Amino acid sequence: MAIASYDTLIEGICAGNGAQDTFYMQLGTATAIPFTGPALGRQLFPMRLPALPSLPGGKNYFAPTIFEACSSKANHLTLMKLITLGSLDISGASGAFTDGSVAPTVTEGGVSRQIPSAVLCVVTTALNATPGTFTITYQDQDGNTAETTSSLTLTASAAIGSAAFIPLNGTDWGAIDITAAARSAGTTPTGVLTFYHVDPICTLSLPQIGIGAAVNFFTDKVRMVKLAAGDTLAILGSGTAVGAIQGRINYLAV
Amino acid sequence: MAYADLDSILPRLSAQDTSGAMERMWNATISATTAANTTSGSISAQRMPRTFTIPSVSGYTGWELDVEMSTEDAGTVVAALEYDLGSLNLATNVFTAGVSMPIKDTRIDGTTYSARQTASLIPVMVVTTVLVATTPVITTTYTNEDGTGSRTSSLTLPTSPAVNTGFMMTPHLNSGDTGIQSVSNMSRSAGTSGVLNVFGLIPVAVSTYATSASTTGGWVPSLLQPIAPVLATSGETLAFYAFGSAAARDFQACIYGRPI
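Respectively, the protein sequence lines represent chains A and B.
Taking my numbering, the leading residue of the first sequence gets 279, the next gets one more, and so forth.
Taking my numbering, the leading residue of the second sequence gets 1440, the next gets one more, and so forth.
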């Protein structure tokens, strides 16, 4: 649908083509930076926003209109769509890698291309006290032959939700695929790491406990984010302390 | 899409609806760098070692960028189109020429968009290979914001600054100068190894962090910033800088683009 005027969007909202989801997410156990190196702790809330419903007839995608939230601690949220590139069960002789999807192909600026992303590593099963080290083998943002990262030392007893971006080799900033991952060292290590491709939707700074903030996608960000039926969104927080967030997100079927 | 379409919101939304917007998650981690002093820019600066290459478009001129950044230390973070104006090899004292600041279509003085020679008002001298040098004096010969050549700038750097350290050149430009269009020469008084680059920047997004823990980001919507919109074109480099600290840091950037 061509957007003939700003009123087209307003009319769509008034015609009932909008949707709203409220959310409450909590991390009741403190997390950790899952491996040595990064200086910024992040935490992925295990819960996801509800999957988007089927599109109304004649509509092509859901566009977020407003995202608002408050937090029980000072927080910096990233709303995003995740694609699982793979996972690594660190138990056993060298861990067991399960391959996932590759980076998605989308049309942007009239060009169809596969879009790379920084690789988000998340503890999805808690690590034990002696988890060892790990590497990933990835195909970089330019599609070059897969290469392996330097060994990263896992953090003992990192809880579910512990998250950080993996430092890639040289000047690489992103990956389009993870082809392998392996664990070394450790003592009877247990735990699972999941590696994600991140499609960012927006960020929201919440410096004051309990005081919310909101972003308007049309007037603040001037962005038309395209989400499909069935898409689920995730929220990444900052720091490692326990905490909860609540809020809502509105969508318009366009 | 005409540059004049930048004067309203609807064309920006329509272009994304028709042809798709750009969305990227970018991240970098750096070790501690070297603090600046009064002879080397005063405000500490850091350049993230990873940059983002602007992708191509079809049926448009380029991208209008929006960048949301976060980091865990207090200071100011900047996303900027970056131009390598030249470099100096301290081992050989040999200058390698780079590019000049680009010509960009911008709207000035109420007229329509037209091509303008840009100048960097925040040129940064960056250690791209760690220096071995005792308080080296770096002399840069440049063309200023008005196109006047043979101007000189002199910075005295700290001893052997670490890689990714940046030094702001603006305080040390020739009296009255506010920016650099191009660099024609660099030389050093001392030093046995290392490489310094002068990067010219056109800022795209700025965020400020009042405290640590990345929780107090002061993101300002790009359309409300006092920066005339500048399009990023295919192949250009988007770089990321932090000012105010030399501490090790993580730097997250969500890069968005509207095709224009």
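Just so you know, these hints were derived from the structure itself, not from any lab.
It should be emphasised that the depicted structure is a prediction, and the values quoted were computed from it without experimental measurement.
Fair warning: there could be bad hints in the mix.
[As the list claims (entries may be wrong)] Derived contacts from chain A toward chain B, CB cut-off under 7 Å, selection only:
no., residue
1, ASP285
2, THR286
3, ILE288
4, TYR302
5, GLY306
6, GLN392
7, ALA396
8, VAL476
9, ASP477
10, PRO478
[Unchecked claim] Okay, derived cross-link-like pairs now, SDA-like style, lysine to any residue, Cα gap no bigger than 20 Å in a straight line:
no., chain 1, residue 1, chain 2, residue 2
11, A, LYS351, A, ASN528
12, A, LYS504, A, LYS351
13, B, LYS1543, B, THR1457
14, A, LYS504, B, ALA1554
15, A, LYS359, B, GLY1498
16, A, LYS504, A, ILE489
17, B, LYS1543, B, GLY1498
18, A, LYS504, B, THR1676
19, A, LYS504, B, ALA1513
20, A, LYS337, B, GLY1498
21, A, LYS351, B, ALA1513
22, A, LYS337, B, LYS1543
23, A, LYS337, B, SER1495
24, A, LYS504, B, PRO1642
25, A, LYS337, A, ILE281
26, B, LYS1543, B, GLY1586
27, A, LYS337, A, ARG391
28, A, LYS351, A, ILE489
29, B, LYS1543, B, SER1453
30, B, LYS1543, B, ASN1528
31, A, LYS504, B, SER1453
32, A, LYS504, B, PRO1450
33, A, LYS359, A, THR510
34, A, LYS504, A, THR402
35, A, LYS504, B, GLY1586
36, A, LYS504, B, ASP1456
37, A, LYS359, A, GLY306
38, B, LYS1543, B, THR1492
39, A, LYS351, A, GLN304
40, B, LYS1543, B, ASN1532
For every residue, glycine included, the Cβ atom is placed at its ideal position computed from N, Cα and C.
Going back to the hint list, which numbers does this structure go against? 1, 2, 3, 4, 5, 6, 11, 12, 13, 14, 15, 16, 18, 19, 20, 22, 23, 24, 27, 29, 30, 34, 35, 37 and 40
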